[in-house]
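The residues making up each chain are set out below.
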Amino acid sequence: MKSGNKRVGGKTGAIIALCVLLVVTIALGVIGVTGVSLPPRGLHKVLSWLPTTNSDNWPESLPLGLDLRGGMYVEYSGKAPEGSTADFDSLREGTMSIIRSRLSDKGFNEANVQRLGSDGIRVEIPNVQDDTVLDLIGAAAKMEFKDPSGNVFMTGDMVKTAAYSYGEKGHQIAFELTPEGAKIFGDMTAANVGRNLVIELDGETLIDATVQQAILDGHGVITGNYTQDEATSVAAKIQSGALPLELTQQKVDKVSATLGQDAVSSSVRAALIGILLIMLLMIVRYRLNGLIASWALTIYTILLFMLIALFGIQLTLPGLAGVVLGIGMAVDANVIIFERFNEEVRKGRSAKAAVRAGFKNAISAILDANVTTLIAAIVLLFYGTGSIQGFAKTLLLGVVVSMFTAVIVTRFLMNRFVNAGATNTSLYTKVNAEAEKEVEA
Amino acid sequence: MVIKNRSRICLIISAVIIVAALLLHLFGMGINLGIDFSGGLSMQYDMKTAVNASDVTAVLDKMGVVDNTVQIQGANSNEVNVRIKNLDKDDVQKVQADFEAGVKEIYPEAESVGDVNYVGPVAGETLVRNAVISVLLAAALMLIYIAIRFDLNSGIAAVFGLLHDVLIMLSFMVIFRSVIQMNSSFIAAALTIVGYSINNTIVIFDRIRENAKKMPTIAREEVTNISIRESLGRTICTTVTTLITIVALCILGVASIREFALPIIVGIISGVYSANMINGYVWAFLEEKRRSRKAKA
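Protein chains in written order, with my numbering: chain A, 1 to 441; chain U, 1001 to 1297.
Bound conformation, chain A alone (with noise of 0.2 Å):
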């Protein structure tokens, strides 16, 4: 039977428990701070993820944001031409990418676009602290029709319409000219068959094709290989001509590559001495408790920056921060437990009756408390702009991993104790004379 199996591996079992999980965590440190290859011949690699104080060391895994690793970052708001009805979101979308593919057809790969609040757009682009970027992002697509000798006989005002269809040869722009335009382009046309015209947005060929016989109507089409976002995204942009927002800059913001660094190492350095300067408290104040909380404080911070890079969440300045106060505010839930621990053994209760009950009494403060910083951290991923939302976030994550570590592993780790023998309550506490006597009693 189970109990039975229980009761002969009752004290062996905790001690192997409790060395399996001290191996692992040692493993989990060591793997988080230099990453590892894995069989066969290293072909995958784990990337370190546990953060160093030398910033140049940092680890690929855990993406600073802006603010931290140097760069420029804009802020608009956006408002709907005068007239339009079109759904705003899809107007804003239609925007953002239109700014995405202007950056990255000018090498800005890593720039970053992104909504702001219900009605902005937020750029980042890191890297970068040149202000003629920005007059790349809110320019009108020029759209230029060039004649066989290369100069520009007709731009893109002249057409009316252009929109996504599907021909012949697949995925196609279809477009319409004005009266005015369809006359130019009817007469290019007419002078220029069998030789080749050319259609250019933002200085990019569209096509370059041999004209077959001319074109009075005004009607043509692009074609290319073409998949259908990409024809419909280049429709867009000859229909919009300029972006489908009227933007209207909010906030430019600089930062040196040399701040970023500054900030990344102190903050490094002041979570290093406020865990070790917690730990010690703790084991001064709750004896072998407190090497338990210590123990499931080191677990914390090796899953929280596990989860950071798995979540690919972007540290930035006050998400860091964030990081910091969430490892003096994990131990709470520890602090909780071990005061109501302390005073069901000053009772006289035996340490595996206190496990129990202090468990009992902590869970209900825990869980309210744990719930109330939730809802702050949910309201701020909400409401937060820009890099107050990566506070949010790592509060948010904070919460969730110390209530898992505080409770769920610090309750293995006291049971576990408690099994392989530490039962005698003056390691985790000053037990007066009379308790000690009514215990022997």
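Errors might be hidden in some of the hints.
Said to hold, decoys possible - Facing chain A, a subset of chain U residues (Cβ under 7 Å, in silico):
hint: 1; residue: 1117
hint: 2; residue: 1118
hint: 3; residue: 1194
hint: 4; residue: 1260
Stated by the list, open to error - With a straight-line Cα cutoff of 35 Å, these simulated DSBU-like cross-link-like pairs (lysine-lysine) come out:
hint: 5; chain 1: U; residue 1: 1214; chain 2: A; residue 2: 352
hint: 6; chain 1: U; residue 1: 1062; chain 2: U; residue 2: 1104
hint: 7; chain 1: U; residue 1: 1089; chain 2: A; residue 2: 160
hint: 8; chain 1: A; residue 1: 360; chain 2: A; residue 2: 430
hint: 9; chain 1: U; residue 1: 1214; chain 2: A; residue 2: 430
hint: 10; chain 1: U; residue 1: 1094; chain 2: A; residue 2: 106
Rather than coming from a laboratory, the hints here were simulated on the basis of the structure.
Glycine included, each C-beta is placed from N, C-alpha and C at the ideal position.
Chain U: place on chain A using the hints.
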């Protein structure tokens, strides 16, 4: 029945701080709004030698830029932070170039370091609106949660304490206006305190909830006393662990971290204070009132 003496004194102390801050604000010595709220341009220059603030101001005066703040920083007073409010975005590049040319006449080795930051005038308004909405929304959600898990009076008392803490943080920002600026990170700090400092209250109220059942005949105020005393060990220990990390961050961190850490430290201290000296007694006061109403009925 009045609120217990001790908490009455504490309420008066808090009220004095808040009213003093409010008066300062009314006399134009309010919060030192950073660029995130006030809008404008902020620049940071390293002059490589000690800077004379009046030199920098003279450059700005010559340019005709009126609404500016010049702060000297750095280990050898070699860095200068210039903030110009009420600046049109089209003028930003010109002002920046003119300023750089101007200071280079006096400090030839001057170079731009750190943040160059422009914020439009509307951004600050949005920020304030979002901040107020988020604090009130969080408070309302907590009132609901605590009212469900405890009782309505506990919810009211806890939210009372929470608003008290935010007001104390704001008062601190007013009183120490020469040391600290308010930027968007203050919102994160305030919300952190809203979420964290209520933990002290919750743990004490959890004790009260437990003791109140065990001691139905004892005055609520005495139940509060006992519960606070029983929770004191935990309160002190947790406060110390949280303060350890945030103080380390404040000492080691860069300026923008300090801007965030300092209000949090104030909030944590205010949170411990209100949880132990005010909130429980507000609950006891409300609860006794409810009881006497019930007895009359």
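Against the structure, the hints:
no. : hint            : verdict
1   : 1117            : holds, 5 Å
2   : 1118            : holds, 4 Å
3   : 1194            : holds, 5 Å
4   : 1260            : holds, 6 Å
5   : U/1214 / A/352  : holds, 25 Å
6   : U/1062 / U/1104 : holds, 14 Å
7   : U/1089 / A/160  : holds, 34 Å
8   : A/360 / A/430   : holds, 22 Å
9   : U/1214 / A/430  : holds, 27 Å
10  : U/1094 / A/106  : holds, 25 Å
When held up to the earlier numbered hints, the structure conflicts with none and fits them all.
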